[in-house]
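S.K.: Put chain B on the given structure of chain A with help from the hints.
The primary structure of each chain is shown beneath.
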Amino acid sequence: QVQLQQSGAELAKPGSSVKISCKASGYTFTSYAMHWIKQTTGQALEWTGYIAPGSGGTKYNEKFKGKATLTVDKSSSTAYMQLSSLTPVDTAVYYCAIGGYGAYNWFAYWGQGTLVTVSS
Amino acid sequence: DIQMTQSPSFLSASVGERVTLSCKASQNINKYLDWYQQKLGEAPKLLIYNTNNLHTGIPSRFSGSGSGTDYTLTISSLQPEDVATYFCLQRNSWPLTFGSGTKLEIK
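Residue numbers (my numbering), protein chains in the order written: chain A, 1 to 120; chain B, 1 to 107.
Extracted from the complex, chain A is given alone in its bound form (with noise of 0.2 angstroms):
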């Protein structure tokens, strides 16, 4: 069964960065993109970007770009979303979720999620 696990919390301080991660299993992880997305306190979601595991090519929410880089490896199966010059509007839970290309890229499954907290 497909399964994305992903890393545990992270507390961070501002203007640091934290690299979180997401674990795929069940599945040939070359053949879905993953996506990232974050959910704040008050429950809205938002969209950071996803890539593509066999090419690494990245596609950006503009609002996101310069705060989030996504990477994979594909020899264990796991992606990377790397916050970088952490504030506190940057505290949230974000997921990944992977999709189909083109028009087949609903969120088919979902990780549990990683908690990022910024405070000093």
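Everything labelled a hint here was simulated from the structure, so no lab data went into it. The structure displayed is predicted, hence computed values, not measured ones. Note that the Cβ used here is the ideal one computed from N, Cα and C, for glycine as well. Don't take every hint at face value.
[To be verified] Straight-line Cα separation of at most 27 angstroms, DSS-like style, residue types lysine-lysine; simulated pairs:
id, chain 1, residue 1, chain 2, residue 2
1, B, Lys39, A, Lys23
2, B, Lys45, A, Lys74
3, B, Lys45, A, Lys59
4, A, Lys19, A, Lys67
5, B, Lys24, A, Lys59
6, B, Lys45, A, Lys23
7, B, Lys107, A, Lys67
8, A, Lys19, B, Lys45
9, B, Lys107, A, Lys63
10, B, Lys107, B, Lys45
11, B, Lys31, A, Lys59
12, B, Lys31, A, Lys63
[To be verified] Listing some non-contacts, in silico: residues in chain A with all C-beta distances to chain B over 10 angstroms:
id, residue
13, Ala9
14, Ser31
15, Leu45
16, Gly66
17, Thr71
18, Gln112
19, Val116
M.R.: Chain B only, in chain A's frame:
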């Protein structure tokens, strides 16, 4: 960016009742509209994709409809386990955008 407006924000209904949730896009999204259910403390879960296609394992009491800018999620007979927040997502244009959610509770 396409704005997605969900209504109502909060809904209270009785077990067995037919429930309708609405999602309106700021422009035509060509039926590239999904519905997700999020229970408290859990990740969102896909219910319906491309307006009216039920995801694997989702009960048939859930259905979707719509076109253009207006979309609807219907629960034909509300069950206690349907207590959750429901989000719509448009995938017609980048960036992908979510609605703000409808929180559904049992009366």
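S.K.: Decide, hint by hint, whether the structure agrees.
M.R.: So, going through the hints one by one against the coordinates:
{"no.": "1", "hint": "Lys39(B) - Lys23(A)", "in the structure": "23 angstroms, holds"}
{"no.": "2", "hint": "Lys45(B) - Lys74(A)", "in the structure": "26 angstroms, holds"}
{"no.": "3", "hint": "Lys45(B) - Lys59(A)", "in the structure": "23 angstroms, holds"}
{"no.": "4", "hint": "Lys19(A) - Lys67(A)", "in the structure": "12 angstroms, holds"}
{"no.": "5", "hint": "Lys24(B) - Lys59(A)", "in the structure": "25 angstroms, holds"}
{"no.": "6", "hint": "Lys45(B) - Lys23(A)", "in the structure": "18 angstroms, holds"}
{"no.": "7", "hint": "Lys107(B) - Lys67(A)", "in the structure": "42 angstroms, violated"}
{"no.": "8", "hint": "Lys19(A) - Lys45(B)", "in the structure": "24 angstroms, holds"}
{"no.": "9", "hint": "Lys107(B) - Lys63(A)", "in the structure": "39 angstroms, violated"}
{"no.": "10", "hint": "Lys107(B) - Lys45(B)", "in the structure": "23 angstroms, holds"}
{"no.": "11", "hint": "Lys31(B) - Lys59(A)", "in the structure": "22 angstroms, holds"}
{"no.": "12", "hint": "Lys31(B) - Lys63(A)", "in the structure": "25 angstroms, holds"}
{"no.": "13", "hint": "Ala9", "in the structure": "14 angstroms, holds"}
{"no.": "14", "hint": "Ser31", "in the structure": "17 angstroms, holds"}
{"no.": "15", "hint": "Leu45", "in the structure": "4 angstroms, violated"}
{"no.": "16", "hint": "Gly66", "in the structure": "15 angstroms, holds"}
{"no.": "17", "hint": "Thr71", "in the structure": "20 angstroms, holds"}
{"no.": "18", "hint": "Gln112", "in the structure": "6 angstroms, violated"}
{"no.": "19", "hint": "Val116", "in the structure": "15 angstroms, holds"}
Comparing the model with each earlier hint shows violations of hints 7, 9, 15, 18; every other hint is respected.
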